[in-house]
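Asks: Sequence:
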Amino acid sequence: MEITKREILASITIIAVMLILGFVIAGRIDAHQIQKNSEYYKAVQITDSEQFRYGMDTSVGNAFVYGTLEAVDPVTYPEIGGQYLYVEKVEEHYNKHTRSVTEKDSNGHEYTRIEEYWTWDYAGDESIHAQKIKFLDIEMDYRKIQMPTSRYIDTIYKSGYVRFDYYGVPTENTGTVYTDLRDGTLSDDSSFFADTDIESAVKSMTTSWTWLFWGVWILLTGAATFGFYYLDNDWLNK
9 MEITKREILA SITIIAVMLI LGFVIAGRID AHQIQKNSEY YKAVQITDSE
59 QFRYGMDTSV GNAFVYGTLE AVDPVTYPEI GGQYLYVEKV EEHYNKHTRS
109 VTEKDSNGHE YTRIEEYWTW DYAGDESIHA QKIKFLDIEM DYRKIQMPTS
159 RYIDTIYKSG YVRFDYYGVP TENTGTVYTD LRDGTLSDDS SFFADTDIES
209 AVKSMTTSWT WLFWGVWILL TGAATFGFYY LDNDWLNK
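Heads up: the sequence shown is residues 9 to 246, going by the numbering used here.
Calculated from the structure, these hints are not laboratory results. Note that CB positions come from ideal geometry on N, CA and C, so glycine has one too. Do not take every clue at face value.
BS3-like mimics (lysine-lysine), calculated; alpha carbons at most 30 Å apart, straight line [stated by the list, open to error]: (1) Lys211 <-> Lys44; (2) Lys166 <-> Lys50; (3) Lys211 <-> Lys142; (4) Lys142 <-> Lys152; (5) Lys211 <-> Lys50; (6) Lys50 <-> Lys97; (7) Lys166 <-> Lys104; (8) Lys140 <-> Lys97; (9) Lys97 <-> Lys152; (10) Lys152 <-> Lys44; (11) Lys152 <-> Lys50; (12) Lys166 <-> Lys152; (13) Lys44 <-> Lys142; (14) Lys152 <-> Lys104; (15) Lys142 <-> Lys97.
Pairwise CB distance ranges, derived in the manner of DEER restraints [what the hints assert, rightly or not]: (16) Val109 <-> Asp197: 45 to 55 Å; (17) Ser216 <-> Glu87: 46 to 56 Å; (18) Glu134 <-> Leu228: 40 to 50 Å; (19) Thr76 <-> Thr21: 21 to 31 Å; (20) Ala39 <-> Gly230: 24 to 34 Å; (21) Ile20 <-> Thr66: 58 to 68 Å; (22) Ser167 <-> Asn115: 37 to 47 Å; (23) Val224 <-> Thr66: 12 to 22 Å.
Given the sequences, and given the hints that come with them, work out the whole structure.
Replies: This is the structure we're talking about:
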């Protein structure tokens with residue numbers, strides 16, 4: 009592939025345009041992040057139930073609240089026992105599949121054969137959860153706070169071809185909630201940072217992702233430039 013001077017000049021233009029667009033987009037990302045960071049830094053920080061209740065009753069607004077998330081009415085499946093805030097039951101079936109495999113014989117000739125293999129495949133799921141939860145000793149509906157990530161509990165085989173995997177959230181989880189305290193309650197589906205104090209939660213939410221944007225944008229710019237070289241660019245010579 010021979011690259012002409014006109015193609016080089018055109019590619020420089022492509023790079024220049026992509027960089028200009030990159031700076032515009034990055035500027036908007038930074039502006040949005042600065043606005044959100046201001047919101048996070050101004051948020052009230054709460055560590056006890058009295059402050060928590062007062063914040064809800066007086067509508068203090070955005071807040072980071074550190075405490076223990078608990079299930080008021082824990083749940084479980086009889087076959088696994090224990091008590092959980094949330095439990096998921098995933099059904100899997102052991103199925104046979106076939107695929108074509110190309111190999112070479114002792115003389116170097118290629119041939120294709122059908123190979124059989126078995127895998128555990130997803131076949132459905134169900135879940136149960138507590139209806140009521142407590143955070144910093146204040147009771148509320150389950151939907152008020154996002155649940156921590158489920159952890160593997162156990163696998164139970166119904167037969168050689170059917171099994172159930174169980175995942176759950178413990179009845180007690182310590183961490184930080186970011187929420188909006190208003191009108192005697194907190195916002196629905198508030199973020200929960202498990203095993204994280206307030207300082208670490210603030211740090212994680214104020215981290216800039218501009219560097220990630222530039223990494224992706226540079227890759228796109230490089231791909232666009234090299235893609236241009238591989239095109240039929242005879243029109244540049246007319």
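Asks: Take the hints in turn and mark each one as holding or not.
Replies: Structure-based check of all given hints:
1. Lys211 <-> Lys44: holds (12 Å)
2. Lys166 <-> Lys50: violated (54 Å)
3. Lys211 <-> Lys142: The given pair, whose Cα atoms are some 26 Å apart, holds under the 30 Å limit.
4. Lys142 <-> Lys152: holds (10 Å)
5. Lys211 <-> Lys50: holds (13 Å)
6. Lys50 <-> Lys97: violated (41 Å)
7. Lys166 <-> Lys104: holds (18 Å)
8. Lys140 <-> Lys97: holds (20 Å)
9. Lys97 <-> Lys152: It holds: about 23 Å lies between the C-alpha atoms, which stays within 30 Å.
10. Lys152 <-> Lys44: Holds: Lys152 and Lys44 sit about 22 Å apart, inside 30 Å.
11. Lys152 <-> Lys50: holds (22 Å)
12. Lys166 <-> Lys152: violated (36 Å)
13. Lys44 <-> Lys142: holds (28 Å)
14. Lys152 <-> Lys104: Roughly 43 Å separates the two Cα atoms, so the pair is violated.
15. Lys142 <-> Lys97: holds (24 Å)
16. Val109 <-> Asp197: 45 to 55 Å: For Val109 and Asp197 the Cβ distance comes to about 48 Å; the hint holds.
17. Ser216 <-> Glu87: 46 to 56 Å: Roughly 47 Å apart at Cβ, these two residues keep to the hinted range, so it holds.
18. Glu134 <-> Leu228: 40 to 50 Å: Since the Cβ atoms of Glu134 and Leu228 sit about 42 Å apart, the hinted range of 40 to 50 Å holds.
19. Thr76 <-> Thr21: 21 to 31 Å: Since Thr76 and Thr21 have Cβ atoms about 59 Å apart, the given range 21 to 31 Å is violated.
20. Ala39 <-> Gly230: 24 to 34 Å: holds (26 Å)
21. Ile20 <-> Thr66: 58 to 68 Å: holds (60 Å)
22. Ser167 <-> Asn115: 37 to 47 Å: Cβ of Ser167 to Cβ of Asn115: about 45 Å, so the range 37 to 47 Å holds.
23. Val224 <-> Thr66: 12 to 22 Å: 43 Å Cβ-Cβ, so the 12 to 22 Å window is violated.
Figure legend: structure checked against the earlier numbered hints; hints not met, in rising order: 2, 6, 12, 14, 19 and 23.
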